[in-house]
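Number of protein chains: 2
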Amino acid sequence: MADIAILGFGTVGGGVTEVIERAQGCVPGSSGCGGPRVKYILDIRDFPGSPWADRIVRDINVILEDPDVKVVCETMGGKEPAFSFTKAALERGKSVCTSNKELVDAFGPELTQVAKAHGCSYLFEASVGGGIPLLRTLRDSCRHEDITSVVGILNGTCNYILTKMDREGMDFADALRQAQENGFAERNPDADVKGPDTARKLAILASLISGRRVRYEQVPCQGITEVSVADLKAAKARGRAIKLLGICQRDPRTGDLSVMTAPCLVPADNPLYGVNDVFNGVLVHGGCVDDLMFYGRGAGRMPTASAVVADVLECLKNAGHTVENGLPEPDNTITPVPFTSGLPGGIELL
Amino acid sequence: MADIAILGFGTVGGGVTEVIERAQGCVPGSSGCGGPRVKYILDIRDFPGSPWADRIVRDINVILEDPDVKVVCETMGGKEPAFSFTKAALERGKSVCTSNKELVDAFGPELTQVAKAHGCSYLFEASVGGGIPLLRTLRDSCRHEDITSVVGILNGTCNYILTKMDREGMDFADALRQAQENGFAERNPDADVKGPDTARKLAILASLISGRRVRYEQVPCQGITEVSVADLKAAKARGRAIKLLGICQRDPRTGDLSVMTAPCLVPADNPLYGVNDVFNGVLVHGGCVDDLMFYGRGAGRMPTASAVVADVLECLKNAGHTVENGLPEPDNTITPVPFTSGLPGGIELL
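Chains as they are written, first to last, in the working numbering: chain A, 14 to 363; chain B, 14 to 363.
This is chain A alone, in the form it adopts within the complex (with noise of 0.2 Å):
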């Protein structure tokens, strides 16, 4: 048994503690998973009759000078409190695993020297495509192919919202207010509806792609509020599908990078055609490999929950030494350049 802590018991956060319990019994043959314990939960909010009530904590500092915690689960998103808390963990040798998009866009590269420099490890697989082991994947199974491109469908809002208006006609507005209604947007739809949230998780996989830092500014940004029903109903009598689509492309010889999150159109042969609702699906093309295609659920309580569980069992697994996480040093960044030769997986700008 392992000590855990998890900041943050919203949506993720409490998809955490349910996850661990089901994984107590493990599935057989997998050895090795000595399961984690949930020692504390950080949150401000009082949880009358939950089963986890008497694992609430106020204080980071209870966590913080707990040393038998040895991996933190920071589920609050967000930058501030979580970049101090997680700075603070790591400091003191605590693993922290993160479904903070945000935080790894604006901090990941600092805060991956920080636990290199205190043995300990910062991993991310929930940030992108929510349950789907993609980060992990790139790391572990990718890491002598040149990657040339990963395009990614990776708002699972985004998704929904297009596969309604396509299926049924709706309009944008409709279909995001029956989002709204099901639970699959927020009442601001802005991050996901205008791209920021597309554009994060892309700026994420360009840099483990490519070895350079890119920030989420640095990606040109348009999200899904002026597509249409006619848009849509062109687009099928072409044979395409219309999606919104995080693309980075990456010159193996220059080492140029490409990157935009667009509304693009997607031929049937391009396997991310059939990625329908709140599916993300991400195309990856490696140099020996081909093309590879990674669909999951890519956001939601439980799925998110698995991606943390994976990176804590991970830590757990390699407790004392820090997992390479595959982020570049904080200064070696990159400046994309504009698509000149065309998008991957014949694509096409809507």
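Since the hints were made in silico from the structure, they are not lab data.
Hints should not be assumed to be uniformly reliable.
[As the list claims (entries may be wrong)] Stretch-level coverage of chain B by chain A, calculated; a stretch enters the list once three of its residues show a Cβ under 8 Å from a Cβ in chain A:
#, stretch
1, 145 to 153
2, 284 to 294
3, 321 to 329
Backbone N, C-alpha and C define an ideal beta-carbon position, used for all residues, glycine too.
Fit chain B to the given chain A structure using the hints.
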């Protein structure tokens, strides 16, 4: 630099030399991949003019007795001498990475025990799904998931033939001939079109997700030789595609396991529906993460070699200890039960 040896300089073995050469530069940002160097290639043939001619050896003992060789790639195929060579290498503490599904199916658990006893690893990512990073992902990212089903398009030859028949109205014999002309089918195509190749891969997957030993001979197996253009047309009229699937279903309460290889009807909302041509796709359902799908080239020189090299890099990174490969103990067997509650993912038997 770490010395490696390749057993068998055929399609995959030759690809391994090429992938390793290309990987010397390494993807920027993915550190830790100190390049492996091919010291020996075991083959009974001569390769005059090949840039690798000076590495060719005829005697396995040259490799076994060289303490510099840390990892051996077994890309010979078949049971013997692959089994004896693998066992001898493991007994000398050399890790073995293989694409040989026949050997993994027949003796994987036994060879895994030998590896454990000698502090080295036996890995076989390339044996299922070709270049798709599947086995490592199930092991490292899904170890805490209660996986209840795996459904795979696992044979690229069959998928190519079915796609041709569907799109061009070509009958089975003609499509097979074209596959053979294009190098996608062997002269003796039985292992592909009659299903055993799929059944072997499914048996490996079933063993990994259940932690119990399932052998190829236990998988009821039907191929695609009886599928007609009329079947494909009738399926399409119902919004279905016909795919040769390997299916494994696991009851999480009882642990009961059902396995099968058969041509099936796949509904349009199943992510396997759009997996065409020589591509493979594997749909995995986990208790927390829900549906995941992995897509890529299931065969071919470079994709398969890429998977072998991913294993080589993992062995080098974990030099001196055994990488858990997820296979059960040799005598931890299970007798599969028939499917009783329908197939997963809306799939029906043809």
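Taking the hints in turn, this is what the structure says about them:
Only residues whose beta carbon comes within less than 8 Å of a beta carbon in chain A count, and the stretch 145 to 153 of chain B has 6; three or more means the coverage holds. A stretch counts as covered by a chain when three or more of its residues have a beta carbon under 8 Å from one of that chain; for the stretch 284 to 294 of chain B and chain A the count is 6, and the coverage holds. Coverage of a stretch by a chain is defined here by at least three residues with a beta carbon nearer than 8 Å to that chain's beta carbons; for the stretch 321 to 329 of chain B and chain A the count is 4, and the condition holds.
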